[in-house]
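A.B. asks: Residue numbers (full-length UniProt numbering), protein chains in the order written: chain A, 1 to 340; chain B, 1 to 531.
If you are wondering where the hints come from, they were derived from the structure by calculation, not from laboratory data.
None of the values given here were measured: they were computed from a predicted structure.
Check the hints yourself; a few may be wrong.
Covered by chain B, per the in silico footprint, the following chain A stretches (three or more residues, Cβ under 8 Å) [to be verified]:
#, stretch
1, 140-148
2, 264-275
Think about it this way: if two alpha-carbon atoms lie no more than 27 Å apart in a straight line, the pair counts; the simulated DSSO-like pairs of lysine-lysine are [unchecked claim]:
#, chain 1, residue 1, chain 2, residue 2
3, A, Lys267, B, Lys53
4, B, Lys462, A, Lys224
5, A, Lys155, B, Lys256
6, A, Lys267, B, Lys447
7, B, Lys439, B, Lys515
8, B, Lys447, B, Lys401
9, A, Lys7, A, Lys296
10, A, Lys224, B, Lys420
11, B, Lys177, B, Lys139
12, B, Lys458, A, Lys224
13, B, Lys515, B, Lys498
14, A, Lys155, A, Lys225
15, B, Lys256, B, Lys139
16, B, Lys458, A, Lys225
17, B, Lys25, B, Lys53
18, B, Lys256, A, Lys267
19, B, Lys177, A, Lys267
20, B, Lys139, B, Lys115
21, B, Lys420, A, Lys155
22, B, Lys25, A, Lys267
23, A, Lys155, A, Lys296
24, B, Lys420, A, Lys225
25, A, Lys155, B, Lys462
So these bits of chain A aren't anywhere near chain B, every CB distance computed over 12 Å [said to hold, decoys possible]:
#, residue
26, Gly42
27, Arg107
28, His310
Glycine is no exception: its CB is placed at the ideal position from the N, C-alpha and C atoms.
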Amino acid sequence: MDWLELKPEGLFCVPGEFYIDPLQPVAHAVITHGHSDHARPGHQHVTATPETLSIMRLRMGEDRAGENQQALEYGEVISVGAVRLWLAPAGHVLGSAQIVMEYQGQRAVVSGDYKRAPDPTCTPFEVVPCDLFVTEATFGLPVFRLPDPAHEIGKLLHDVRLFPERTHVVGCYALGKCQRLIALLRNAGYHEPLWLHGALLPMCSLYEGFGIQLGELKSATAAKKGEMRGGIVLAPPSAIADRWARRLPDPVVCLASGWMHVRQRAKARGVELPMVISDHADWDALLDTCQATGAKEIWVTHGREEALIHALGKLGIRGRALRLIGYEEDDEQAEEDAVA
Amino acid sequence: MIEFATLLERLAFTPSRNMKLALLKEYFAMAPDPDRGYALAAMAGSLSFAAAKPAMLRALAMERIDPELFAWSYDYVGDLAETVALIWQPESETHQSEAAPGLAEVVHTLDRLPKADVPDVLRRWLDACDASSRYALLKLITGSLRVGASARLAKTALAELASVAPDDIEEVWHGLKAPYGALFAWIEGKGPKPDAKDAPVFRPPMLAQPLENVDLAAFDPAEWRAEWKWDGIRVQLVSAPQGERVYTRTAEDIGKAFPDVLATMQDLGSRVVLDGELLVVRDDVVASFADLQQRLNRKSPTASMLRDMPAGIRLYDILFEDGEDLRPLPFDIRRQRLESWFARLNPPRMVLSDLIAFRNFEDLAKLRDSARSEGIEGLMLKKADSPYLPGRPRGPWWKWKREPLTVDAVVMYAQRGHGKRSSFYSDYTFGLWRTVDDKRELVPIGKAYSGFTDEELKFLDKWIRDHTTKRFGPVREVAHGLVLEIAFDAAQYSKRHKSGVALRFPRVARIRTDKPAEEADTLEDFIHAFL
Numbered sequence: 001m002d003w004l005e006l007k008p009e010g011l012f013c014v015p016g017e018f019y020i021d022p023l024q025p026v027a028h029a030v031i032t033h034g035h036s037d038h039a040r041p042g043h044q045h046v047t048a049t050p051e052t053l054s055i056m057r058l059r060m061g062e063d064r065a066g067e068n069q070q071a072l073e074y075g076e077v078i079s080v081g082a083v084r085l086w087l088a089p090a091g092h093v094l095g096s097a098q099i100v101m102e103y104q105g106q107r108a109v110v111s112g113d114y115k116r117a118p119d120p121t122c123t124p125f126e127v128v129p130c131d132l133f134v135t136e137a138t139f140g141l142p143v144f145r146l147p148d149p150a151h152e153i154g155k156l157l158h159d160v161r162l163f164p165e166r167t168h169v170v171g172c173y174a175l176g177k178c179q180r181l182i183a184l185l186r187n188a189g190y191h192e193p194l195w196l197h198g199a200l201l202p203m204c205s206l207y208e209g210f211g212i213q214l215g216e217l218k219s220a221t222a223a224k225k226g227e228m229r230g231g232i233v234l235a236p237p238s239a240i241a242d243r244w245a246r247r248l249p250d251p252v253v254c255l256a257s258g259w260m261h262v263r264q265r266a267k268a269r270g271v272e273l274p275m276v277i278s279d280h281a282d283w284d285a286l287l288d289t290c291q292a293t294g295a296k297e298i299w300v301t302h303g304r305e306e307a308l309i310h311a312l313g314k315l316g317i318r319g320r321a322l323r324l325i326g327y328e329e330d331d332e333q334a335e336e337d338a339v340a
Numbered sequence: 001m002i003e004f005a006t007l008l009e010r011l012a013f014t015p016s017r018n019m020k021l022a023l024l025k026e027y028f029a030m031a032p033d034p035d036r037g038y039a040l041a042a043m044a045g046s047l048s049f050a051a052a053k054p055a056m057l058r059a060l061a062m063e064r065i066d067p068e069l070f071a072w073s074y075d076y077v078g079d080l081a082e083t084v085a086l087i088w089q090p091e092s093e094t095h096q097s098e099a100a101p102g103l104a105e106v107v108h109t110l111d112r113l114p115k116a117d118v119p120d121v122l123r124r125w126l127d128a129c130d131a132s133s134r135y136a137l138l139k140l141i142t143g144s145l146r147v148g149a150s151a152r153l154a155k156t157a158l159a160e161l162a163s164v165a166p167d168d169i170e171e172v173w174h175g176l177k178a179p180y181g182a183l184f185a186w187i188e189g190k191g192p193k194p195d196a197k198d199a200p201v202f203r204p205p206m207l208a209q210p211l212e213n214v215d216l217a218a219f220d221p222a223e224w225r226a227e228w229k230w231d232g233i234r235v236q237l238v239s240a241p242q243g244e245r246v247y248t249r250t251a252e253d254i255g256k257a258f259p260d261v262l263a264t265m266q267d268l269g270s271r272v273v274l275d276g277e278l279l280v281v282r283d284d285v286v287a288s289f290a291d292l293q294q295r296l297n298r299k300s301p302t303a304s305m306l307r308d309m310p311a312g313i314r315l316y317d318i319l320f321e322d323g324e325d326l327r328p329l330p331f332d333i334r335r336q337r338l339e340s341w342f343a344r345l346n347p348p349r350m351v352l353s354d355l356i357a358f359r360n361f362e363d364l365a366k367l368r369d370s371a372r373s374e375g376i377e378g379l380m381l382k383k384a385d386s387p388y389l390p391g392r393p394r395g396p397w398w399k400w401k402r403e404p405l406t407v408d409a410v411v412m413y414a415q416r417g418h419g420k421r422s423s424f425y426s427d428y429t430f431g432l433w434r435t436v437d438d439k440r441e442l443v444p445i446g447k448a449y450s451g452f453t454d455e456e457l458k459f460l461d462k463w464i465r466d467h468t469t470k471r472f473g474p475v476r477e478v479a480h481g482l483v484l485e486i487a488f489d490a491a492q493y494s495k496r497h498k499s500g501v502a503l504r505f506p507r508v509a510r511i512r513t514d515k516p517a518e519e520a521d522t523l524e525d526f527i528h529a530f531l
């Protein structure tokens, strides 16, 4: 497909004259979702879902989230230059979208980050048939077949019951993972107040503003130490084993991330209770999705692209590695920059 | 298998002893017989198979996955069993129909399975298991299972379930075999205490309290006996109708590493339980702990090690003789029994620990401080009428260590601690000055992670954070600006360290904020003073 180009600023749609998730300020940016490695400040015109725009304003401030903000609901079609453009749900975090573009009878879909596992806090991924599908490959190795998140939440709740005198602190990033964990806990029947690091609270309020119920949330930063004993605390990954965590009574360090699937990664982080919960597509979901779109050509933006391209090749699908620099292998690092 | 695999996974990530204990108790209370008995055997290190080699795992995995994808995955994960466990994709029908095998089923099957049948059985099991059970299974079957809990901790968990002392479990332990049905029946009140009869079981040793905050002036010298405290390892030698054993004081059987000692026991043929210190002794001279360490590090020593580093025993006490339990007798009487047994048999490799004559404790203190010879840590004081009591009772026995040696060293690196200390930089690598080609530099001589108060730890942590110059993962390199007074028990030459020296039991004695780093000790002075 020759009307999508890779430029230093990012992926560029030539006939529409816009960039998708550009790394530098541009005239027109279409944004897939609010994580800070995809949604960057300083663009002139920004097109995204209302949720994503709202998230950008919360994180960057009104003035840096784009001079001109264009809200687009899922499925609402607009024309940009000679291109028909609409957004389809990506199931990654609240407001996350795939960018669907049609030009001269061809359809290209840029999925951004996505997952296929159910998530009570965002609209599920929708398969859009297309000629070119642009995918991530964060978990692009066959060892990443991730377990059911309910099972991982069960591990945490079992541990909370077994060690009632300790405080379980779960590392999770502020946008998406935090709210999903809360919703999963509530679905599992846990209705105690949850204690939150100050950096996580504003995003939870934003989610609630979009109608996502999270139950009773309290500030861990303002709590008295004894109050949190036996409870569950959520905090950014950078805080869970550092000085901030000293306010917690006898903490058990937990971390919710797809990387926890591999023991050495969990060990290296000093995690006591690894929880394998990811907002990215796992290996099976990557292959299933690429096939389901019917695309003859797959571009891989970032992650472990060589294994995915190799596996697609065996299925008769042509893959190409874009090797976009600037998207983090996990949202964690980008998110830590955002809350810092 | 699932319960066992879950336990393994939790133990692997849990640094806290108390939490491990709670996890073990939960498992032993919940898991069925005989699965839990084999899990106990795994913790005791007696469950090991070599049914499959890495090549077989790899070949099995290749049946289901493309070799290139496998290679990339293995490269990323770094552990073969874990890679296969994660990458294995069950054939959907079998996954539904067959239940995952129990630990006992796996053990019983492997015990009598011909090698040629292993791949078929393993494939079936892998299909029926989840990833975490596959990992446990593959580690077990290749003989590389590591359980994050010691045998002692497992016994402590069992003892707490049964509301008995861990030592009660130890007394019967070495007469038992996996899957320990009689043991579980006993701790659950469904059977009698197992009878250890003729088995060479371990008897919990009597340990001494450190002599601190004790008024020696109130002691009557006539009521006390003094012996040298040797810097080896405390052992119990057991000879019973069913065999001989060499145990450490934590009930670890180290007979394989010390065949010379075992052979001596066999030759004597006397049914006794002896308490003593294991040392390396060359021509009647006790060698340094470093020599003993080399013997301890080898599961089975070479002929040249046996020749160059022969083991010897200093005998402290006798607990049993020909089935008679001597432990209730006073120390003096036991000592007489030990001396007459020794005189009768004249056992090779063994010497009696000397009783040191003294008139008063001042003389004894002088003697203690003058003894700087290799292998002596200080003195033991034992009450003349003390029975042999398991554990560490306060009063009858005291260990009176020499004042520690000290050196002023500069902090070079710090590393985060574990568990409760995971938010603190609590492990410090320290070094001394030396001059190479007219340039003065620090060379590390050791690492300390104890000896400080909570307040001092907070100070050290903040200092490290404020003076970091480089970071390597969990390690920080710091500016050379903080002096620690390091206490240690002994210094020795070491080929493994860049400085060529190593310290025994180094700990932080004081933080010397008053001392400029340039004035810390030099390696040259250190070697001159202590080596």
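A.B. asks: Broken hints, numbered, in rising order?
C.D. replies: 5, 17, 18, 19, 23, 25, 28
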